[in-house]
Each structure stands twice: as C-alpha cells, then as structure tokens.
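Let the sequences and hints guide you as you build the complete structure.
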Amino acid sequence: MRGTEPRLPLWRSVYRAKHAYAFLLPLIALLAIFSYYPIVMALKMSFYQWKGGNEAIFNGLDNFRELFSDPTFYRSLGNVFRFILFDCTVGVLMPLLVAELLFHLRSARLQYAFRTMFVATITVPSVVVILIWVFLYNPVVGGMNAVVSVLGIGPQLWLGGTSTALGSVILSGFPFINPIYLLIIFAGLQAIPGSLIEASVLEGCGRWRRFLSIDLPLVSGQLKLVFILSVLHAMQSFYKPLIMTGGGPGDATLVPGLYMFQSGFSRNDFGYASTIGFVMLIAMLAITFATNKLVRSEND
Amino acid sequence: MRAVSVKWVSVSAAVVLGASLLGGCGSSSGNNESASNGADAGSGGKPVSFKIASWAGPGKKDGMDMVINEYKKIKPNVDISFEEVAQTNSDFDVWMAAQLAGNQEPEAVMDFSYDEPYNKYIDKGYKVLEMDPYLDKVSPYTNKPWKESFRDVDLNLMRSTQNGKLNNIATSMVTLKIAYNKDIYDKLGLQVPKTYPELIANLQKIRDAKIGVEPFAGFLKVTSAWDWFARFTAQQTEEQFVPQIDTFLRNDKYGQDEYVKAVDTGVIDVHKPEIKGLYELFKDFTGYWAPGSIAMTSAEARDMWLQGKAAHTFTINIDAKPFAGDTKPPFNWDTFEFPVITKDVAPTSNENPAEFGDLADAFVVMPSAIDEKIQDEIMDFIMFYTSPEIATKLADMNWIIPTAVGVEPNANLQRYLPKYRPQNQIDLNSQAPLGTAARQYVLQQLQRYVLGDVGIDDFLDSVDKNMKDETAKIMKEKGWTKENDYGHKS
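Top to bottom, those sequences are chains A and B. So in this note's numbering, the last one in the first sequence is 300, and the numbering has no gaps at all. So in this note's numbering, the last one in the second sequence is 790, and the numbering has no gaps at all.
Some clues are possibly wrong.
[Stated by the list, open to error] Not everything, but these chain A residues come out facing chain B in the computed CB check (under 7 Å):
no.	residue
1	160
2	246
3	249
4	265
I should point out that these hints are in silico values taken from the structure, not numbers from a laboratory. A virtual CB, placed ideally from N, CA and C, is assigned to each residue, including glycine.
Rendered as structure tokens:
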C-alpha cells in the first residue's frame, strides 16, 4: 500500500522536515565552503599559472600537458601504487585476522581488554610513531640493523637507500592494524546472528569452514568499506614520506600528495599543484567507483 | 503557544549553531590593528601596534622580548608582539603561505636572508618593503646613516640576486664549523686538518681504526649541508668565472639575469671540469659520512655526534649555548674551519677560502605593514634592534654574532668566530639563482649520485637538461632573450 501513496510536492516534503533541514543547512554550508569550494577552485586553478600572490594567468591545458609528460609524476604514481597494494591487502587482512581472534575469545572480559589494548593505540599521535620509526631505521644509532642481523640479513641503509627507502616507509606501519578498521570488522562479526553460529556448530562445521562460509560473507560489507578506505588512505599518503624522507633519496619515496605539496609550497607553482590535486581527485573517485562495482558484498 | 515556542527555539538554535560554527571557523584577528599614519606615532603620537612572527629558536623569544621591552621604554605608544608560530622554518613557510593567502600576515617576520625573502614573497607577488632608502637615513640610535651599522660585504649578501634590492636586514651571522671529538683525535694521534686531503686522511684513519665510530655525521635530507659545501668550495675553485658571469650588477655575486645569460650563452656548463669536479669532491667527502645520512636532518646528525657515534659533524654558532649547557657533549671537543681545497685536489683552486656560513634572523617587512602605513615605525624598531647597544645585549644573552658593526663578540663564541675572508655567492653547482625547483632538483639527483645509483655522466646530463629547461622557462616567463640582453635592452 505504501507504494501507492501520492508523492508530496518537493516544497511540501521539505516543509514537513523543516527542522531537520534547518539543522542540516549550516553543516551543508560549511561542507560547501571547506570541501566543495576548494575542489572547484582546484579545477579552476589547474588552468592557470599561479604563484600565490601574483595575478593568475590563464594557460589553458598547459599544466595538464606538463603533468602528463612529467616523469616525476609517473614515478610518484608508481610509488603510491605500492602503498595502495600494501594497504588493501595486508592493511585489510591484519585487522580481519585480529578481529577474528578477538571474536573467538571465550572470556568477554579478556575480549574487552584486548580490544581496548588494540584500540588504545589510536591515542598515540601518528607523528610520534613516525619519529620513533625514523630513529629505529637509523643505520648507526637505530635498532633495526640489529634486529635483521638476527635473521642473517646484513646492515641496510633503510630510509637512506634508494632500494630500501620506499619499503621502509611502507613497513613503518607494523603491525598494520588500523584500530578503526579493526572496530568496523569486529562490529560486523558481532552482528552475525548467534543462531547461525549455533547451527554451524551443530552441523559440525570447523573453524576454517565457518570463517569461509559464514564470517567472511557476512562481514563482506564491512570488508568492502575497509578496502575502499584503505585505497583512499593509501592514495592520500603524504605525511609519512614528508617526515621520514622528504620524498628521497632522489624521488624514491615521492608520492603525488607530497609532490603536490612541494609544487605548491616549495616551488610556488600553485597552478601545477592544483592540477596534481585535481587529477588525483578524479583518480580517487574512479577507483572508488570501480571498487564499488567490482567488489560485491552481501548487502549489494 | 507551546508549538510556537518550540518552533522558535528550533529555528533560533539552528541559527545560533550556524553562526557559532561559522564564527569559530572564520574568526579574524589579523588586520584589526589601528592603521596608524606613522609620522607622529611612537613616543608621543598615535598608538601603533604590530606583530613580528618567526619560527622557534634557542633564546629567540627571550631576546626579542628583551628588545621589545627596551623599545617600549623610549616609545611607549608602540605596541609590539612577537610570536614563534612554528617549530621549524619549513613549517613557518607553510604557515606564512596560508596567512598571506588570507591577507592575515603579521606586519614583520624574522626569516632567512639572501634570496629567501625574494623567492618566498616577492616572486609570489607579495610586495615586501624595499629597505634601500632607509640605508641613507640617519639612525636615531647611532646618529649616523643606518648603512654604517653594517659591513658593505654583508649588505651585498643580503641583497636579492634576483633584483639586486635589499628586501631584508639580517641581524646575525651564522658561522659554520666542523665539530670534532678531541678524545678520538687524541686516541688515534690525529692532528687538526688544515687542508682537504688532511681531512680525508683523518676520516680514513678513523674508519680504519674500527673503533665503532663513524668518521663524519653529515645530512642530505635537506639542501643546507650541500649548499654550504658548494658555496665554500666554489669560492676557491670557481672564482675565475665571476668576471664572465657577473656582467650586469658587478657585485661579486650572480643575479638571476646574469646566471640565465651565462647558461644560455654556454658560460655555465656543468660538464666543465671545475663544475664537474666540485660534484665529484662532494661525493668523495660524503663517502665518509655515516650510513643513512641521505635521509638525515642536521639535528639527527648532531645527535649522532653528541652520542659519540661519529667523530665529526657540522656545527653552527647557535649550537654554542646548548653545547655549554643542556646538550653538553660527554667528551672533549673543539671545532675547526672547513679545510682549504688545495691545488692537488682541484687544480683551479685559489687556496684562499671564504667563510663557510650564512646570515640569519633577517627582518622582512610585509605588505600588511605597507597597507597600514606603519613601515617607518617598524624600520625604526629594526634600527633600534641593530644598534650597537642592543646588538651587544643580544650577543651576550644568546651567544650570537650580530651583523651590526662595533659589537664585541661574546667570549663564549671563541670556537665559532669567523676566520676566513667574507663569503660571496658564486657557486655554479647548487643552481640556487634559478629558483627553488632547480635547487631541489639538484639535491634529488645528488642524493642518487652520492649513493651510486647513477654515474657522474648520467648525473651531469640530467642536471644539465634540467638547468637548461629551467633557464628556458625563466626566459619565457620574463620575456628575456639574447636580443634584448636578458631584459636589459628595451
């Protein structure tokens, strides 16, 4: 019967929910000012040669032409691709693994304690963690070379070596358990009906079988969200390379976000920086759209 | 009645919420100072207020507050505040970019000297105050023309190479030395090196001794150590280029127009043995740096030396006070000048080194001060700051070397006093006159070169190509051609 209800005119439906709209309006206005306006400005300034205070000079597609023939940009894309690859595999699997382990703990008190311990790491400022890793990676005073020597690996330059710098930056997230992702997946596991789990036990379903046939399909919505967040997070990588290596040695750890920052704030080329930002925005939207289409969840 | 009041409460709440959010996000406190018309301001006229900003540094705020308090005694109507708005100069640059974009910049800043103010402000279109006219004015604090407060050679360094104008006044001198661990020198029977080959021999002996100490803690994450080396070495090995390149202003340093002309006409060619040789010499030197130096900052290198893990490091006079107090090295130590580049290392060397350092704490008067017409008041404060009496107090307080003449150096700075002739900016290797992008490119490629990822020929080819591309870009942007003599003929 609901489907046969006459549709209200737009203004009337707005008037009916006027209080909700009244509360939403300031937030939407702020979102427009601080999120959508910069995007529009980035698109506009992509067509200009602009140094900040100078008058911006329209230069058509010159910035885009320069960007698409810029080997440094492609190198930075290659680097960020490695970030994405790592974040959407290890970065998704590790929270899933830990969430499963937590979910199967029989003691509710222990489960709570471990969950708190994992989530508590969110309170440590990421800059502090990064600086600790910078210290650990120092080949002379840091401890990483001592750790790998136990495994029979010789001293490495870590952040100071062209072949080791990018891997060092990526691996500095060890043990790769993002507390937010962990909570999302854990909440998904908790939402699995108890009757389904009991039935699987009665049917003699083993743990591995249960993981594959019950847990994984039923948290696929959460995994999809974590996957998309991981991809977006990796694409926006910026502060780790900035703090740890400044993009070097050479451009071994340069990522588009850092390249955009350097173009704008070091080289005063805000037009080119806007172009990088706009192209990355389009790339992120495209990847998010593709992920939504390709990765199917139970809820889709 | 109740429905009406609920409605009003809801609407009012929404309006207040929106207003408070907007107010919180966009509150402005930048340019609400009284725009006093400077002439009668100061001791008896209209009140004037302005803000000076900089990044944090040892004793910087205490020193500035002391000067402000002294100034307040003679100019009670001038209200000055000083704020350290960032921990590092790079964070400060980002902060300033945001302030300038929002027209909220402080009226004056304390920044780096040389070309930094040009590159950071003028090149972006922000017209900072040109200070040349003030040099001929009589300073009320010395009763002499203000220019007599400084050495000509330092004023020459402060001027931009881009337009030859004085857009900043540096108030202190940064002297750079090499700090060494005397205990290690005594243990290995080493002598303080006077020449570059002696330095390399010492570094090799420390390495050969296998005592768990790296020969040198250097850093190459940022440009400074490389810039210092390039400038220092070029003044011995590339001075013969000066008459060929310094053709417009003839001020013993390279303006951008002069540099562009020299690249365009082939005078500057990185494949030339003198220029190539400097890069090779730097690679030779970095071969003795601690592993991982490519990704290290100056602070990390200094910490490594303080921990006794390296025998040498770079040190500047700003380290003097911490090294005598909180971060005193746990071993005997001293400093020496970067040694002379001898002819056997570089055949073109004049063996006459120039000082290895910088000029710092440079006042720059921002566009907001000009808009508010208080530039004269700010310049009066800067003249006060650079007067011998105040400069001496600051030197005693913070152990700095003022640029103002007639100031006795602090007795604690013995290890850091300049020993060589004053420096100039004549290096052909860092490509600083072509701007930040060219300079950063050289650093990036140099990191790969010293790591051995690329050979000297590939390195030179990439630097050469980039140098020519950047030169072409500047010529196009500024309308310079060979025919119009790079902007000097109409």
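Structure-based check of all given hints:
1. With 7 Å as the threshold, the beta carbon of residue 160 of chain A comes within range of chain B, its nearest partner Cβ sitting at about 4 Å, so the hint holds.
2. Contact between residue 246 of chain A and chain B, as hinted, is supported at the beta carbon level, the nearest pair being about 5 Å apart and thus within 7 Å.
3. Interface hint at residue 249 of chain A: satisfied, since its Cβ lies 4 Å from the closest Cβ of chain B, which is below the 7 Å cut-off.
4. For residue 265 of chain A, the shortest C-beta to C-beta distance to chain B is roughly 6 Å, which falls under 7 Å, so the interface hint holds.
Checked against the numbered hints given earlier, the structure satisfies every one of them.
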